[in-house]
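Peer 1: Chains as they are written, first to last, in the numbering used here: chain A, 52 to 306; chain B, 4 to 314.
Worth flagging that the hints you see were computed from the coordinates, not collected in a lab.
Label pairs and their calculated CB-CB ranges:
1. A:Ala57 with B:Leu116: 29 to 37 Å
2. A:Arg262 with B:Arg236: 28 to 36 Å
3. B:Thr203 with A:Glu163: 31 to 39 Å
4. A:Pro56 with B:Phe248: 41 to 49 Å
5. B:Gly52 with A:Ala248: 54 to 62 Å
6. B:Leu55 with A:Ser96: 22 to 30 Å
7. B:Gly211 with A:Asp206: 30 to 38 Å
Just so it is clear, CB atoms sit at the ideal spot from N, CA and C, and this is done for glycine as well.
Here is how the chains run, residue by residue.
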Amino acid sequence: MTSLPALPTPKKLGLVIDLDVCVGCHACVVNCKEWNTGGYGAALSDQHPYGADVSGAWLNRVHSFEVVPEGGEIVGEAGEARIVHFPKSCLHCEDAPCVTVCPTGASYKRTEDGIVLVDEEKCIGCGLCAWSCPYGAREMDLAAGVMKKCTLCIDRIYNETLEELDRQPACVRTCPANARHFGDLGDPSSVVSMMVAARGGIDLMPEQGTRPVNKYLPPRPRKPLAASAGQMPKGEDTSGATGFFAWLDGMLDRI
Amino acid sequence: MHPASSIIVFTVLSGLGYGLAAFLGLGLLDPSAFATKVAYISALVLIAGGLLSSTLHLGNPRRAWRAFSQWRSSWLSREGVLSVLVFVPLAMSAWLCAMEGRYSAPIGIAGSLLSLATVFCTSMIYASLKSVQAWHTRLTSACYLLFSLAGGALLGSAFGVAGSGSASPLSFFALVLLISAWTVKIAWLRHLDSLKPLSTPESATGLGAVGRVRLFERPHVTENYLTSEMGFRVARKHAAKLRKFALLLGGLLPGALVFLVLAALLAGAEAGGAAILALMAASLSHIIGMLAERWLFFAEARHAVMNYYGG
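Turn these sequences into a full structure, and let the hints guide you.
Peer 2: This is the structure:
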């Protein structure tokens with residue numbers, strides 16, 4: 052059924068991604084592909100994997116953006132511009148347009164936990180859901196002819212054969228910087244909800260009206276580089292030298 | 004957006020077929036004429052050909068029947084349901100005309116209404132997508148409906164003149180509809196040209212509060228499904244020329260031909276082979292113009308996801 056759940060889902064499972072912490076290592080990207088190519092649904096195929104024009108279906112990708120504050124320099128180490136690494140996967144929207152456009156009922160949002168999934172047995176590979184998603188969260192698997200998307204590792208998070216520590220999405224489990232967090236964003240007392248409240252977590256493209264569940268924590272404000280300049284040790288200044296080094300400084304000056 | 008040839012051919016051919024069927028359903032052509040029988044068959048062939056073409060872009064076409072199930076929420080599903088339902092009155096009308104040489108108004112009008120409803124559903128597949136701002140306007144549906152009707156009237160008037168041997172009221176409709184369709188299309192193009200992007204790299208990343216956002220590195224060095232499906236850029240280079248080409252072949256030339264034929268016939272000229280040939284040429288020109296128009300419809304539309312890809 053491709054109508055959205057009539058009532059708000061009791062749980063809103065999702066991710067919180069900390070843009071202040073992400074170092075852009077792509078470990079989440081690789082582990083996502085690794086887990087999901089052998090997990091839920093068809094394998095995540097690659098096309099021409101050893102050719103010049105390699106492509107394939109990935110459920111999580113890391114983009115890197117340059118952010119330039121008002122009046123800031125664009126290029127160079129002395130500039131104010133900063134690089135923000137930006138991991139992006141399905142946001143499991145509450146008003147998911149990808150669900151309602153699906154003609155077959157393959158695309159659906161679970162009423163119990165809000166996870167948006169594709170039933171690959173029903174998918175005809177028309178691609179309309181990918182068109183309707185402003186975030187580019189869905190990619191067609193060109194070998195299987197079905198739409199692939201983040202399942203929030205549904206085959207991990209409820210998997211009782213895994214140790215409790217591992218019952219979280221592969222991207223979250225593997226992140227070496229701890230930039231990705233998984234939890235129930237419908238529960239205001241959950242750790243993820245508290246992080247969002249404390250750090251002013253944001254929705255991506257709120258103007259699209261999709262009400263994403265996943266939240267992004269914006270980078271913390273950064274001091275301008277010039278403000279730190281005064282604290283740098285200066286190679287030319289020897290006025291603070293004492294004892295042997297003061298003597299050596301004086302002797303070398305005289306030579 | 005990537006202009007998939009299967010979808011372009013589908014929307015142009017089936018649009019023309021539905022437009023022709025809509026006019027045939029009004030009973031303006033003599034059902035006993037041989038040309039009218041050919042017109043009915045042509046409408047069915049155009050519609051069926053378009054529908055078959057549309058299944059070519061599916062990843063799993065053998066499951067296409069499942070697309071009839073979600074008519075409560077999905078415009079694509081509604082289009083699928085109606086495109087099959089409409090065959091009932093259209094096939095009945097075609098049978099009555101071809102085999103018995105008669106016209107039944109209730110069946111005919113049911114076919115006309117369902118034909119237009121199907122074209123409307125096709126247009127809403129695009130118009131309902133908020134992620135593609137150029138399409139997300141009521142003008143999109145108006146363009147699809149008017150172009151379908153204009154093409155149908157044009158082709159129908161060729162069959163009408165051939166069948167009756169005199170001026171057909173459809174020629175007059177064709178002229179009026181071509182003018183209205185292109186007036187609305189030009190308004191649609193103005194709307195496209197004046198769009199202020201709803202989403203920007205700043206809103207897409209949520210980093211607007213920090214500063215101006217520019218893509219530094221794509222996630223992968225090569226193209227992916229998203230960039231090839233939503234990030235098509237070739238056409239924009241020639242957009243201005245193609246727009247003129249579409250207007251010329253899809254509007255001005257067929258409009259001029261149908262006007263000349265209409266004027267000549269009303270002035271008392273004989274409705275001979277030249278008139279039919281001119282109207283057929285006008286229809287063909289309109290189809291070619293529509294292919295260009297539909298190609299631009301996709302190629303010029305920008306998808307919100309390109310905010311993440313620097314496009």
